[in-house]
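Those sequence lines, one after another, are chains A and B. Here the first sequence stands for residues 0 to 255, where the numbers follow numbering that gives the first Met the number 0. Here the second sequence stands for residues 0 to 442, where the numbers follow numbering that gives the first Met the number 0.
Read the hints as simulated data drawn from the structure, not as lab findings. For each residue, glycine too, the CB sits at the ideal point set by N, CA and C. Take the hints with a grain of salt, since some may be wrong.
What the hints assert, rightly or not - Residues from chain A that keep clear of chain B, each with C-beta distances beyond 12 Å, as calculated:
#1 D59
#2 L85
#3 P87
#4 P107
#5 G146
#6 A170
#7 S190
#8 L191
#9 R197
#10 Y200
#11 T217
#12 L222
#13 R238
#14 V244
To be verified - Per label pair, the in silico range of CB-to-CB distance:
#15 V98/A / A381/B: 28 to 38 Å
#16 G276/B / S192/A: 25 to 35 Å
#17 G276/B / R52/A: 33 to 43 Å
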Amino acid sequence: MRLRTFAAAALVLASFLRAAPLAAQASGTPDFKALLAAVDGRTNFRASDFSARLTLVSEDPSKGTETRSVRVFRRDRADTLLLLVLKPESELGQGYLRVDDSLWFYDPESRKFTHSSVKENFQGTDAKNSDFGLSSLAEDYAVAAHGEGRLGAHETWILDLKARHDETAYASRKVWITKKDGLLLKSEDYSLSGRLLRTAYYTSYARVGSSLICDRFTYVDALVAGKKTSVLMEEISLRPVPDEVFTKAYVERVNR
Amino acid sequence: MNQSMRIAFRNVGRQKKRTVLLAGAVGLGFFIITLSGSLLGGIAASARKNFSAAFGGHLYFSGSVVSDRGSEIAVMADPGPLESVLAAHARDIASIHRRSGTSGTLIFGTRELRQTLTGVDFGREPDFAGGLRIVSGSLDGLSEPGALVLPEDAAERLGVRTGEAVLFRASTVHGQRNVTELVLIATYEGQSSFGVSAGYAGLGTVNSLLGLGPEEFQTLNVWLRDDRAIDAAAGRILADLAGKVPVEPREDEDPMKRMAERLLGGSGPRSVGDGEGWEGTRYGLTTLNDLMAQFTSILSIADALSFWVFLILLSITMVGILNSYRMVMVERTAEIGTLRALGLQKGGVRDIFLWEALFVSLYGALAGLAAALAVMALSRAAVLPGGTVLSFFLDSGRLPFSVDPIETVRNLVLLCAASLAAVSFPARAAARLPPAAALRAAY
């Protein structure tokens, strides 16, 4: 009898929790945490491996334009990541391997792995190492304020995000998410001191399996005028990646 | 003995040309070893002084804690145990300073430059300003929030002048991105070639960038009273500390790398593996000797090489002395016969030769020492241009020399012993000459 009562109560509670975002939506504002989780879910592939080829074009007023080609392998269920530099020739064989909560940078010249950070900029570009890994907006940030606005042709939610803890790359962010599809279109990333550091534009989404993933994005440096990095993602695949790819031995061997 | 010494002394003066040549050869060797030894000693002392000034002490204690999310955060959250241990070693310690530091990117217009930045508590380090050779600007506004002092070469590469504002982008101790605006108030003569090229700002300014409170800090830098006792003092302090709190092992890592990662933020917080964590603050220690180990070993090799050159020169000179005194023996055979006929014993003849060699060696050594001191004095008068790699080894722009009395005496003893050894052969031969045969000799 008591078990039946408990089960009924749990059922009522579960129904209430499932209905809550809908209720919020009905009143005009969605459950923003769920919205952020949906953005994360669209970027993360927990059921399969992920690989793609990235082309990064960096424009720097003092260095000129540089183009890099990078192969990315991800296994999001284990939070592992491998970035292998294919171009330019001078950086061929360099790699970033994230395993066991540590990010290692491999330099083929010295043949050594050194500790790096996912929060560091990737190869001097405006992209961060973390930009190519798991997205954790819902886990890392809380919505401090929200608004609405148009971004191009899209009606968007504009969310002010504050870091839930002090180990996020940015202390606060402002994101534009489409009302219709829940796609992240733009992000402004702020320092701890509240200064705008960079603006990210997510300009194109490609369908991968049942999901949509951003395949063209641009990071604009807010501190150095004229500095930006555009990223194009191609050859996207959800096919299984061999286990050995996510090992230091593989990084040492490949491109030798 | 006195009689032999008097005769030897007179003999040295009798044949001035030969004495000058022999003493000159000996003096050249002594000149080279004294000059090179003093220069290497001076370079070591200057580099030691410049390195310790650049790093702000002789011992660098760092602290780290494990965050709630399992990352190693470089902050001395609880300096109490360390401060109490240091207080117990107060007799070895001249002063203690609190510092923080990070590495990041300086931005001026469209130019960017990687730069380390050290936060100094200027109020508690009144001598800090005196340790920098200012090239432009002034340190008057050093205590102002946001004031920045840069190495001259860094300012040049960035194209920034004193009075202008720059941005500094770095990570907090937790790895979060941060940026602050700083105003360049002065530039100093740095040495980026040796990794000594820190920018300096107030401790509060750097702490704010690192996400730390104004009174927090990352390292305790200790100046010892005797910089020759660094290893001994470090060992004693660390042993006392290890009994109270977690202490990082020192042997496993490259000290420069450890310094960069632990004291300058390196590449962000490391993840601490399961079961590898610790409670409270874990302390680490890097010493000036750790940082200078490679440089010191290079100097030791140079010192050993110069000593070998001295030994080779000494050997050549000894062969010259040996041959000279064999000729002397032949020249003085009749004289030796007369002396023996007048009652001088074999030992007396031998002693005359030995005393002569000793006098020649002493004259030569004194001349070599005098010449070396004269060259040192002349070199010290010239101020070399700054801003070069060389300037890090100079003493206020001058060539540094440090004459080590013990080393000088050692070289002198070695020289005299070698001379006596070389002359002992002709001396013994002269002593063994039969007096009658010697008297009959006509050369």
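Tell me the numbers of any earlier hints that the structure contravenes, in ascending order. 1, 6, 7, 8, 9, 12, 15
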